[in-house]
Amino acid sequence: MSAGQYPTRRDPRRVIMGLAVIVTVTVAAYTVWVWPRGPANKLIVYTYDSFMAWGDDPLTIDSRVFGPFMQQYDVEIEIVRLQTDANGVIARLITELERPVADVVIGIDNVLILQEPSQSVLEPYTPSNINLVNDSLIASLDPEHYVTPFDFGLVSLIYSMAKINATTHPEVANLTFSNLGTTEMASSLVTEDPHLSSTGLAFLLTEIAVYEKLLGQDWRQWWSQVHGYVDVLPGWTDVWQVWSTEATKWFLVSYGTDPAYSYYSTNSTPDAAVAPVYNAGSHYAWMQVEGIGLVKNGPNPTLAKAFIDYCLTSSVQSYVALNQWMFPVNNEVTLPTAYSYALQAEDVNILNALLPRSEIAANLTLWLDEWDIIFSS
Amino acid sequence: MNRHSLMGHLALASPLVLLMCFLVYPVADVLGQGLFSGTGTSFYDVVVSPVTQRTFTFTVIQAALSTALAVLLGLPGAFLIVRLRFRGKSVIRAAMIIPFVLPPIVVVVGFLQMFGAFGILDSLMMAITGSPVSVINLAAGLPGIVLAHAFYNIPLVVLMVSASLERLNPEVEESAELLGASHFQNLRRIVLPHIIPSLLASAVLTYLFCFTSFPIVLALGQGSYMTLEARIWYAFRYFDYGEASSLALIQILVTLSLAYSYVRLGRMRQQGIAPTSNAKQVGLRDLNRVQVVLILAYLALLAFLVAGPIAAVVRSSIYDPLTRSYSLAGFENLLSAGTGGGLVPLVNSAFYATMSTLFAVALGIPLAFAHRGSKNPAASLASIMALLPLGVSAITLAYGLMRAIVVPLGLSSNPWPVIIVAQTIIGLPFSARSIEIALRSIDPALLDQADLLGASRLQKLFFVELPLLAPGILVGAAFAFAMAIGEMSATLFIALPQNVTLAVAIYQNLGVRKFVEAGAGALVLVVTCLVAFLTIDRMTSGSSGGTL
Chain L
1 MSAGQYPTRR DPRRVIMGLA VIVTVTVAAY TVWVWPRGPA NKLIVYTYDS FMAWGDDPLT
61 IDSRVFGPFM QQYDVEIEIV RLQTDANGVI ARLITELERP VADVVIGIDN VLILQEPSQS
121 VLEPYTPSNI NLVNDSLIAS LDPEHYVTPF DFGLVSLIYS MAKINATTHP EVANLTFSNL
181 GTTEMASSLV TEDPHLSSTG LAFLLTEIAV YEKLLGQDWR QWWSQVHGYV DVLPGWTDVW
241 QVWSTEATKW FLVSYGTDPA YSYYSTNSTP DAAVAPVYNA GSHYAWMQVE GIGLVKNGPN
301 PTLAKAFIDY CLTSSVQSYV ALNQWMFPVN NEVTLPTAYS YALQAEDVNI LNALLPRSEI
361 AANLTLWLDE WDIIFSS
Chain B
1 MNRHSLMGHL ALASPLVLLM CFLVYPVADV LGQGLFSGTG TSFYDVVVSP VTQRTFTFTV
61 IQAALSTALA VLLGLPGAFL IVRLRFRGKS VIRAAMIIPF VLPPIVVVVG FLQMFGAFGI
121 LDSLMMAITG SPVSVINLAA GLPGIVLAHA FYNIPLVVLM VSASLERLNP EVEESAELLG
181 ASHFQNLRRI VLPHIIPSLL ASAVLTYLFC FTSFPIVLAL GQGSYMTLEA RIWYAFRYFD
241 YGEASSLALI QILVTLSLAY SYVRLGRMRQ QGIAPTSNAK QVGLRDLNRV QVVLILAYLA
301 LLAFLVAGPI AAVVRSSIYD PLTRSYSLAG FENLLSAGTG GGLVPLVNSA FYATMSTLFA
361 VALGIPLAFA HRGSKNPAAS LASIMALLPL GVSAITLAYG LMRAIVVPLG LSSNPWPVII
421 VAQTIIGLPF SARSIEIALR SIDPALLDQA DLLGASRLQK LFFVELPLLA PGILVGAAFA
481 FAMAIGEMSA TLFIALPQNV TLAVAIYQNL GVRKFVEAGA GALVLVVTCL VAFLTIDRMT
541 SGSSGGTL
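Chains as they are written, first to last, in this note's numbering: chain L, 1 to 377; chain B, 1 to 548.
Just so you know, not all the hints are guaranteed correct.
What the hints assert, rightly or not - If you only want the chain B side, here are some residues facing chain L, beta carbon under 7 Å, derived:
| id | residue |
| --- | --- |
| 1 | 325 |
| 2 | 402 |
| 3 | 412 |
Treat the hints as calculated values from the structure; they're not laboratory data.
All C-beta atoms in this analysis are idealised placements derived from N, C-alpha and C, irrespective of residue type, glycine included.
Isolated chain L (complex conformation) (with noise of 0.2 Å):
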């Protein structure tokens, strides 16, 4: 082999070098591009990935909702919607409770309330304008107000109208949880995770108030019959997009505002109808409340009293509607015209009363491990 066919050797101590200088570079580029901005004080709020995303401008929601008030006070708001849903939010809370980052948190819903860990990153706190906001949501949510009612909505079983109707299948108008255990109706169901989704755990206890409380029956019965047929997704995400996707999958459980916004957002007659569950000449649902809290030991508790305050004036209450497609709580803000599809909570009977929180709460762990026996066998 001739010299000639030998490549030419770099230095490594050079590669070394120069590998460094560009890896260096890059960090400090990266490094300077997201270091954060504004002024070093500002009032850090915590709150799960779709809060106020389903409206027209998703973009600009935060400064058209709080921008009045961070003129009013000359502080700026951050929304940080962190990457996961409410209890991942508590769970970034209880690894920050040594040194608290965040002064509010949203969308602590009232079974999640229920759990001491959940109360311990949070301060009791009283709004002033409480008067706003329905007794019945502050009974619901937290009579002890570690958390002030935000918004509301009913879950229910919601169908799409192209894969089926009241002419196909007559019993959608009066859907009890026996028509739905039939293996046509079971296979047709897609729902979430009870353990990872709050709407798939107010699905269960829905089926659980209406088992124990309105039948008087072991409510595992309806669960034993319908495993291995309904589809369990891990969560609403999930469970929408086979719904929206499979041909063969006609019921979700999703919220009773489903049909509202389908008409807001398509411009025609719905295409998606609500079957709240019923029993006995009357329908029911579950509610959830989602609320805001004082973080314990948050950097400015003044203002973060404030800010709750002004979250239950209709500045941001009268956004709740299209943006977050829950009710508002504030009772003097008026419905939009799309909301005439969704289901009224004047339109069935409230579930939450037939299930104490203090039950909720004993056996609330119990629960779901009997669903995973059932569901595990």
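Using the hints provided, position chain B relative to the given structure of chain L.
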């Protein structure tokens, strides 16, 4: 101790020290808190619970089945990649990595469209049998989980085994043939012993990968099937730190014993190494008809299993199921820089994944060297430590990093360095393992020659070892990159909105019904990995050509 050997020891010890700080300490902190502070279920109650036992059994069985299927389907692919000469091989090889980078939710959707009820396979079967109802649904329950895991891990087997096959000296086989060995004898006595380390390594990685899998299991298991990892996730969500830590501890113990037996097995297998070389290749034309038919049948099977779900991803980037129309809105979104745009996640993903790949390789090389040859306990420790990240649940790691690193250091409002740490740790088993395999196939005679010719340690490393390790580094880097860019569980927990990665953004876009945006994101993820892989391929093939 002279300066050189001190430097050497420091280089070898640095990955272990870093793993102690960023893996062992944070995880031990969480486990200690969970097990001993008395919050939640006790270890005893967790172990005796029938749900735990059933979960454990299922976890073990599904991982074994998935590994068997991945090895069975991956092994022929490895041979084809190495032995068969065909056009576009580097692209095919690069494309093999794609399944690894896809976020689980995208895989699930692709699987449902391909193998689910009324999916492509089912429609085909319905047309053939003339049945009006669904005939076959492979995207649910145990078959769905095992198939999806195989889809994820076939690339691992193919690429790791082919990297080692490439270093099998053709002269050995030729001599055997001259001496009258049959094809089968050749395979059994020469080829198999040569690829056993890489086969074992890829099987162990696959097994651990499936053992700790959870998004796939949750999505395709219909609530009936759970892995330990899924239960850890459940427990964390309900703040049952006792249960979460107990299950995480069980998972770590299983991983450690697997890693230990793997190391023991590896030692027993160690044997003389044939002179380093490049594999011989044949063209399709040189094969007989039976062989060609077999190869085509295998490729068709692989195309169906691997390419099917990928095709579904490509289609989803331009087809909106809501409006039932085609649109390029997804790609426009990727170029928009504002909040909700795809540019920030794209830059984040590229930056985090590139950095963690560099670190994973930089740490993987000393880990591989520490493991080599010597029978001291440090070598075993290095090897076991390199596998440990696979057995630590991602959520436990993320939780530990938050508690032990992010919050005490005041990084809560700017946590990106820790995301890189987490992604490095998750990619490390893959880089360390494949580099170690490559290191084993280096002929010691070559190093002795370099010594004789007066090469310094650094020169030997740069001009002899690293070029020879190139295929192993390439595969290791590719998997580390893929693991990092597709990682979701730990990133989700640590990241603030400005740290969102593409994988996370895809999930969120699906959540707000932006299907084309999600599809476009997935496609970009696929293309990025393809380009990255091809680039590394080009770079390394250039350098190894110079050595041999």
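Hints and how they fare:
no., hint, verdict
1, 325, "violated, 13 Å"
2, 402, "holds, 4 Å"
3, 412, "holds, 5 Å"
Hint check: a violation occurs at hint 1 only; the rest are consistent with the structure.
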